[in-house]
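Chemist: So the sequences go chain by chain: A and B. Taking this note's numbering, I'd label the letters of the first sequence as residues 1 to 144. Taking this note's numbering, I'd label the letters of the second sequence as residues 1001 to 1408.
Everything labelled a hint here was simulated from the structure, so no lab data went into it. For each residue, glycine too, the CB sits at the ideal point set by N, CA and C. Hints are not guaranteed to be accurate.
To be clear about the criterion: a stretch of chain B counts as covered by chain A if any three or more of its residues have a C-beta under 8 Å from a C-beta of chain A, and this derived list gives those stretches [unchecked claim]:
#: 1; region: 1348-1358
#: 2; region: 1362-1368
#: 3; region: 1371-1383
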Amino acid sequence: MVKIGLEDLYTDIILDYAKNDRYKKEIPDALESEGKNLSCGDEITIYLKVEDNIIKEASFKGHGCIISQASAAMMCEYIEGKTVKQAERIFSEVIKMSQGKEYDEELIDGMDIFSDISKFPMRTKCFTLSWHTLEDALKKEKGS
Amino acid sequence: MLSSKEYERLFPSLNRKINGHNLIYLDNAATTLRPKEVMDAVNDYSLNHHANVHRSTHTLAAEATQMYESSREKVAKFINADNNEIIFTKGTTESINLLAYSIATSKILRPDEEILITTMEHHANFVPWQQVGKIFGLNVRYYNCKNGIFNLSEFLDYVSEKTKVVSITGLSNTTGQVIPVQDLVEAIRNIRKEVIIIIDGAQTVPHMPFDVKKIDIDFLAFSGHKMLGPTGIGVLYGKKEYLEEINPFLFGGEMIDKVSTENTTFNILPYKFEAGTPNVDGAVGLAKAIEILENIGMDNIQEHEKELTNYAIERLKRLDFLTLYGTLDESQQSIVSFNLKNIHPHDVAHMLNDLTGIAIRSGHHCAQPLMSELGVKATCRASFYIYNEEKDIDILYDGLKKIWEWLK
């Protein structure tokens, strides 16, 4: 079995995403959803601008570790331009990946830089915080 | 103090490898490692003597009762209390909840009187008072520890003829600041004699000698698992006159005297506060833990930790990318809290674990009001105990430098 080390988690790509401020902003008049990791004190707000069922713009604000910030930035980049339904499917596959289950690699192509997250159970919730917050936002969008 | 080899024999976890490195356990403020002797004592009780206590008339029941009560005696002697002033609980949190509810339902406070706590408390000594205040309409005042540092004279400005209860930590679980409890008690009693003074000893009792009679406090709460004992066992010490005055918190078996459909009267102390079958395993384990600590000597433990804490402060001060919190002087013991510039504590803690085998805590340490005072959401916390040594801090220092180089 291949040993998974820190360098598999803290890759240059993930470090770059964590530093990338492109998606770290508020979007006025957007749909908002807040998520928290109670035990860590981490908080995140997701902003979604949805028009004709398509996510035109996505962003986030909040604080957290490198993994949570990179995950949020990558998520925003990934779901922009997708329909709400596609985003729901992406969410579902990402969660499967984070749990070490089989997932549709094609549907979340590129997200595999986080595919080892399930080997770090202490950090899984850092990775999934933004995604669970997205799930909540998508529910709000469908309910609106 | 014992040698590294002796500690490795006493604590099997110290022989563990973490990602190829020897485990260095610096998360003692959360819980301490378990000595084999404590678990042997618990096993011996469980396997050979287990029965319900104070109830049946057979050999096992007599042995179990004797073991449980001799554990109480051990705890009482350890803090210089009387046996009937020691109530076994699940831990510090339950001890303080018990007290908060019992004081509230006993209507001890006049409508204009106040409960005084501080913003440096961990949630176990903050939320119960805040919540019983809301539920029972009691006045709760908060002394604001500016920059997370307790200042005795500023605190005393909050103490007045209205103050009825003061509940305060003996040692901050985040900054490691030791509160001058003896001075505090004397000063409070000079302002108002009848104040009920409660010390949250979760981080104090495991780390220094503590004499409830000498200090003259009214209540003391602490946990077994932060002083080598098992989880699920804790202690509430109370002055007999107060324990007799306040209502019990839990009702049920063992805590009763006479029960009829009209009324119930309660058992004598300490059983009045120990409803249900108690955690005998925990009590037996805690007694063994106290024996180990006494053999090392509480004075020696305090001295060792002070030296270690000073050493850690002096070394970590040299890292210019690091912010240290707290007083950073002799009033700090057993805990060092810090952050690396722009790096989240979770990343630091995870990397320390994998790169060096060091276990620290990262997060808000269940002390969110204190985090607000420090102006942060979370910190890294290294906390020391008997088995830690200077070389652990050297490895921490090198590990932090490596992490900074990687993530800066």
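Chemist: State the violated hints by number, sorted upward, taking the hints as numbered earlier in the document.
Modeler: Violated hints: none at all, because every hint is consistent with the structure.
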